[in-house]
Amino acid sequence: MDFFALPPLAALLDLTTQGLLALTSFLSPVAGAAAAALAVVLVTLVVRAALIPVGVSQARAERDRARLAPRLRVLRERWGKNPERLQRETMQLYRDAGVSPFAGCLPVLAQAPVVGLLYAVFLHPTVAGHANALLTQQLAGVPLGTSLLAAVTGGSADATTVLLLGILVAVIAGAGELTRRFLRPPFDPATPRAVVVMTAVLPFTTAVVALFVPLAAGLYLAVTTLWTFGQRLILRRIYPIDDGRVASHRPA
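For the sequence shown, this note's numbering gives the first residue as 1, with consecutive numbering after it.
Everything labelled a hint here was simulated from the structure, so no lab data went into it. None of the values given here were measured: they were computed from a predicted structure. Just to be clear, a hint being listed does not mean it is correct.
Claimed, not checked - FRET-style restraints, in silico, Cβ to Cβ:
#	residue 1	residue 2	range
1	L163	R67	39 to 49 Å
2	V162	A22	42 to 52 Å
3	Y239	L45	17 to 27 Å
Even for Gly, the Cβ is constructed at its ideal location relative to N, Cα and C.
All chains, please: the whole structure from these sequences, using the hints.
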């Protein structure tokens, strides 16, 4: 089922397509054939700039959660055999401290509609009953609707396609590695191994997603991961995590 066939989502898809086409036309005198790709990059920058307050909130929450870690450890030691009581006491501690345990999810949730729309725009050959003109737009000769996995499995991947999309995936994975090395929060030694491993792997999931999405969405993901790393690096200096309060657990 195509959810974008539903009238409200179809109208939103058409509006997004027309907006990108208008921005592409505006940028054409400067960017030429890369105008549509540049339009996607500019949209990404606007979205990320709008989400700066959310990023600040996330940095504060990360600092506050680290500050609460010793008290959380006490709760686990006291109520570890009573999961329901432990959950109640943990949530009460967060409420009393004015800290949201879900703040780290906000940036992902906030930008998910944008990624979904970009994916849908470059996946639909027709929008509002008309041929999707954005699918004719290219970057370095590669159509913006091309995904790396589909091109490789479909036998349509040439050297330029593999190189361009491969660079995007490498950039995203590189940003994930920088995030893992420099921005992973300290862990309480009692933190379950599965949580530690998941936190280490999470920064690389975007690179996996980039294998499947169209080039346009890959551009969005590459720019947003670089922006996110830079923003978090700056905010970590403004809202530092006191590593002395929580023993680090950094597996290789």
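A quick look at each hint next to the structure:
1. Between L163 and R67, the C-beta spacing of about 46 Å keeps the proposed range 39 to 49 Å intact.
2. Checked against the hint of 42 to 52 Å, the pair V162 and A22 fails, with Cβ atoms roughly 32 Å apart.
3. Between Y239 and L45 the Cβ separation comes to about 23 Å, which falls inside the hinted range of 17 to 27 Å.
Comparing the model with each numbered hint stated earlier shows that hint 2 is the single one that does not hold.
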